[in-house]
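Below, each chain spelled out in residue letters.
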Amino acid sequence: MSGDRDTKSFEQRLAEAQDNANPDGARAASAHKSVAAGSNAINLAMRLGVELVAAMVIAVGIGWGLDRLFHTKPWLMVLMVPVGMAAGLRNLIRAVGPQAKG
Amino acid sequence: MAGPSIDALGQFQLTPGLGPLGRAIHFTNSNEAMLAAAIIIVLVFSAGLRARALVPGRAQALVEILYEFVRNMCTETIGEGGMRFFPLVFTLFSFILLGNLIGLFPYFFAFTSHIAVTLTLALFVFLFSTGVGFYTHGFRFFKFFVPAGVPIWLLPLLVPIEIISYLSRPVSLSVRLFANMTAGHVMWEVFAGFMLLLTASFGVFGVIASVLPFGLNIALAALELLVAGLQAYVFAVLTCLYLHDAVHMH
Chain U
1 MSGDRDTKSF
11 EQRLAEAQDN
21 ANPDGARAAS
31 AHKSVAAGSN
41 AINLAMRLGV
51 ELVAAMVIAV
61 GIGWGLDRLF
71 HTKPWLMVLM
81 VPVGMAAGLR
91 NLIRAVGPQA
101 KG
Chain Y
1001 MAGPSIDALG
1011 QFQLTPGLGP
1021 LGRAIHFTNS
1031 NEAMLAAAII
1041 IVLVFSAGLR
1051 ARALVPGRAQ
1061 ALVEILYEFV
1071 RNMCTETIGE
1081 GGMRFFPLVF
1091 TLFSFILLGN
1101 LIGLFPYFFA
1111 FTSHIAVTLT
1121 LALFVFLFST
1131 GVGFYTHGFR
1141 FFKFFVPAGV
1151 PIWLLPLLVP
1161 IEIISYLSRP
1171 VSLSVRLFAN
1181 MTAGHVMWEV
1191 FAGFMLLLTA
1201 SFGVFGVIAS
1211 VLPFGLNIAL
1221 AALELLVAGL
1231 QAYVFAVLTC
1241 LYLHDAVHMH
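Line order of the protein sequences matches chains U and Y. Take the first sequence: its position 3, counting from 1, is numbered 3 in this note's numbering, and each next residue is one higher. Here this note's numbering = 1-based position in the second sequence + 1000.
Hints are not guaranteed to be accurate.
[Claimed, not checked] Computed footprint of chain Y on chain U; a stretch qualifies when at least three of its residues, placed anywhere within it, have a C-beta under 8 Å from a C-beta of chain Y:
#, segment
1, 50-64
2, 82-94
[Stated by the list, open to error] Counterexamples of contact, computed for chain Y against chain U with all Cβ distances above 10 Å:
#, residue
3, G1017
4, L1035
5, F1095
6, T1136
7, F1144
8, L1196
9, F1205
10, G1215
[As the list claims (entries may be wrong)] Sample of chain U residues with no beta-carbon within 10 Å of chain Y, all distances over it, derived:
#, residue
11, Q12
12, A17
13, D67
14, L69
15, H71
16, T72
17, K73
18, P74
19, W75
Hints in this document: simulated from the structure, not taken from any laboratory. None of these values were measured; they are calculated from a predicted model. Just so you know, even glycine gets a beta-carbon here, dropped at the ideal spot from N, CA and C.
Excised from the complex, chain U in its bound form:
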């Protein structure tokens, strides 16, 4: 019990000390948040571009490999291009869509 009361008073004292040491803490926190939001936007743009291209690269690579295997150059690669585009868009939708996680 006494330990419980001790930690409580410690947290109160800590909060008071923080308030005294940093009176404009709220302002600093909001500035920090806006910086984080800006970097998130850059980060998101970067991520989406890479997602779009990565699916395309994989699809074309698979098409090219299968073409070499079956000697059907260039038809499977051509076939895989729209599939790669669609997969890239799928990646985009998954990254920013309504049920986006993270």
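Since chain U is already given, all that's left is putting chain Y on it; use the hints.
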């Protein structure tokens, strides 16, 4: 005029490290940086955990903040049972973060600026999360590639799209980290090269004009610090996301 020229990519060259022994076993400067990152992590953590005080000192607070940051990431992103993967996520996060950070120092090598390194890390994450998926769900994990609530005649079209989308994960994971680190270091080198070119071409006026690229490089240093932390975070959070998909399927 044979003045200095800008060699932006020379900094990524691998050279033998650790003298003749390193040359014999193909130990490069990249491996040196990896070893340094691992040693720094172990040293920082052993220093931070030695005190085990109730009110943490600086080193202990650093360690505890890192621990809680990654633990929150695990429990929030992976969801239930996320702490099982905490060691993996924490190792990846701290290794990439240290690699990015020590790469920012002069004479140190940024090993995350090589696609061979980032692709290896990303492929490991990819194979591991796929393995976790099959371990948790068995062959029902293949249903991950079959979107729910779709008419059956659309499936031949949609399943390849889902599979390619899944296979593109390691590519986007590795290219993102590699591209960010490489781009930052190249920009640094180019602006520093501008300073050399200006002084070589215009003498005193060039020295005065060099203040401009120098200021840009200082601003870039701050940006690179942000990018180093951010990319380590993004890599770790996407690892968590893939593990979430593997454990919970959607």
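Structure versus earlier hints, numbers of those that do not hold, lowest first: none
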